[in-house]
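J.: Chain by chain, the residues:
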Amino acid sequence: MITLNRDLIVFAAVGSVIVLFLVIPVITCLAEGGAYISEAASDVDALDSIYVGFHAGTVCSLVSLLFGTPLAYFLSRWRGSLSSFIQSIIEIPLAIPHSVAGIMLLLAYSSRSPIGSLLSNVGLVIEDSYWGVVFAMLFVSSPIYITTVKAGFDSIDVEIENVARTLGASRIKVFLEVTLPLSLKHILAGFILTLARAVSEVGAVMVIAYYPKIASVLVIERFLGYGLRSALALSALLALISLTIFVILRLIIRWK
Amino acid sequence: MALNYRLVLENVSKKFGEFRLNNISFKVSKGEYFVVLGPSGAGKTLLLQVIAGIITPDSGRILIDGVDSTRLPPEKRNIGYVPQNYALFPHLSVYDNIAFGLKIRKAKREHISDKVREVSEKLGISHLLDRKVKSLSGGEAQRVALARALVVEPKILLLDEPLAAVDPVLRWSLRDYLREIHRMFKATVIHVTHDFTEAISLADRIAVLNNGSIEQIGTPQDVFYRPKSEFVAWFTRTENIYRGYAEPVGSGLSRVRVGSLEFTVCGEYRGWVVVSFRPEYVVVSRHKIRTSARNVIEGVLTDYMDEGALVLLKVMVNEKMVKAYITRSSFSEMKLRSGEKVYLYIKASQIHVIE
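So the sequence lines, in the order shown, correspond to chains A and B.
Heads up, the first sequence is in this note's numbering, so the first residue is 1 and it goes up one at a time.
Heads up, the second sequence is in this note's numbering, so the first residue is 1 and it goes up one at a time.
What the hints contain is simulated information worked out from the structure, not anything from laboratory work.
Just so you know, even glycine gets a beta-carbon here, dropped at the ideal spot from N, CA and C.
Check each hint, because a few of them may be wrong.
[As the list claims (entries may be wrong)] Partial selection, computed: residues in chain A whose CB lies under 10 Å from chain B:
{"no.": "1", "residue": "161"}
{"no.": "2", "residue": "163"}
{"no.": "3", "residue": "164"}
{"no.": "4", "residue": "166"}
{"no.": "5", "residue": "168"}
{"no.": "6", "residue": "171"}
{"no.": "7", "residue": "229"}
[As the list claims (entries may be wrong)] Per label pair, the in silico range of CB-to-CB distance:
{"no.": "8", "chain 1": "A", "residue 1": "170", "chain 2": "B", "residue 2": "176", "range": "36 to 42 Å"}
{"no.": "9", "chain 1": "B", "residue 1": "103", "chain 2": "A", "residue 2": "254", "range": "27 to 33 Å"}
{"no.": "10", "chain 1": "B", "residue 1": "109", "chain 2": "A", "residue 2": "82", "range": "56 to 62 Å"}
Use the sequences and the hints to build the structure in full.
T.: Structure follows, in structure tokens:
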């Protein structure tokens, strides 16, 4: 049995202030809004917004998986200035206010921009569209996926890959047969974290695509238009769904 | 001719950060057990990775069976590699670890099964095949890593400090085991280590690597008893190494003055040299005896170190320390104590001169 070192009790006591600060709002929201969750569950607009949010979030996570996994591997294995430079670029969205990120995306990819006009030719218009929601989510959440998966690749001993290569496997084969199975936990964790971050996005989504409305935007709209009570039911339902995702994430991380 | 050798390195150089492998050249014959000996940071692992193709050299050539393989990727070289931490695949069972190389080669299932069982039997690990690699002990993990490398019948087996991660008791039995494996599989082995006793007990030939350069290549006898540099003498624990001024004295002998000490050595030398002799070549007595040894030195025993079967004596002679090994039983019989006068005898032929 592990006993708590008495010297550490002081640190635990001071640190508990921030734990309480984080936990109390979640518990309060669930306690006060819990009674109204059934109300939100029968609200068509609320359910539609949750569906759109999770659908777009899943697409955003899949795009991150498809393009972010090879990038994370490159960043993990290439030790050079190019790798550091790309790493810095990836972290930019984490440092920018999300409303500003929305403005940036609008300037770069709206149908009036050179790239946006090309995208609109293939049916990808981002202003007030489903794809606008995906773009906004991807911009703010893909760095989380890349960082999480890169940490997974970093944790694999490179000598394991070296041995696999001497046994006759090409670099791609090693990646598929050795590296991917060993980093599956990080890839799943990255996917779920990206999904959670994507569905909770508000700022960038509101700038690019107010419609179709996603749940987090609907919460803001109801709060600003009708007050706290109107936003409570959907907030509690969203909090419950997010907590469920969080619990699944913790189980995946602890899974051996 | 390069064709007669399994591996030839010609002036291989590689800059790796601040470190550099400098013009490494050597040849390894088929079936030879070749040990690269050097201290930590000498570039031993880098050298193995260059041979394996994991790292490409900046210049020089690597020939495997006479074929230029310098730019060949690791998967095309058919070289077995056992890194220091064994690097077993943690997501696979012992069986699947050993079978990995055969599966990559798309061998038939029956062939894979037969080969895995054959190699496992030879290495005495048949009982481990269903185990997860995380449950293996250090010695078991090493055998599995060896089986995984040997099952694909590699042209060369590279071993990176294979005995460094096991405890000293197990190290002795694994040393015998490696010798047995070498005989059984008729493998060409390149083994890197910092342990000179490991090198002397396993190697057909030894290359001493220091700071990215090879200092000497030769048989264990050459390296240990005829070191070509002061570093090799020091690293192989020659213990008695002195700089002195040499002058010929006739009859094919020279005298080397080391401060107030004088050594008579075989060969004609003139100028500054380094003389070295191993402590096991020094004969010790309490009283002066008649002997054919040309070097008879009187000194005072200042300290001794019990090393198990042998005792290392530290004898002060005219402000210079001379070290000598005697057996434990001789030490007991002579009843030696610190501060006592002793006589040391060293044959001229057993003093090595580095010019």
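J.: Hints first: check each against the structure and report whether it holds.
T.: Status of each hint after checking the structure:
For residue 161 of chain A, the suggested interface contact is upheld, since its CB lies about 9 Å from the closest CB of chain B, less than 10 Å. For the restraint placing residue 163 of chain A at the interface with chain B, the shortest Cβ-Cβ distance is roughly 5 Å, inside the 10 Å limit, so the hint holds. A distance limit of 10 Å between C-beta atoms decides the matter here; for residue 164 of chain A the minimum to chain B is near 7 Å, and the interface restraint holds. Hint status for residue 166 of chain A: holds, given a least beta-carbon distance of 4 Å to chain B, under 10 Å.
For residue 168 of chain A, the interface hint holds, the least distance from its beta-carbon to any beta-carbon of chain B being 4 Å, beneath 10 Å. Hint status for residue 171 of chain A: holds, given a least beta-carbon distance of 8 Å to chain B, under 10 Å. Restraint check, residue 229 of chain A versus chain B: the minimum CB separation of about 52 Å is more than 10 Å; hint violated. Between residue 170 of chain A and residue 176 of chain B the CB atoms are about 37 Å apart, so this pair conforms to the stated range of 36 to 42 Å.
Between residue 103 of chain B and residue 254 of chain A the CB atoms are about 31 Å apart, so this pair conforms to the stated range of 27 to 33 Å. Under the hint 56 to 62 Å, the C-beta atoms of residue 109 of chain B and residue 82 of chain A, about 43 Å apart, miss the expected range.
Violated hints, in rising order: 7, 10; the structure is consistent with all others.
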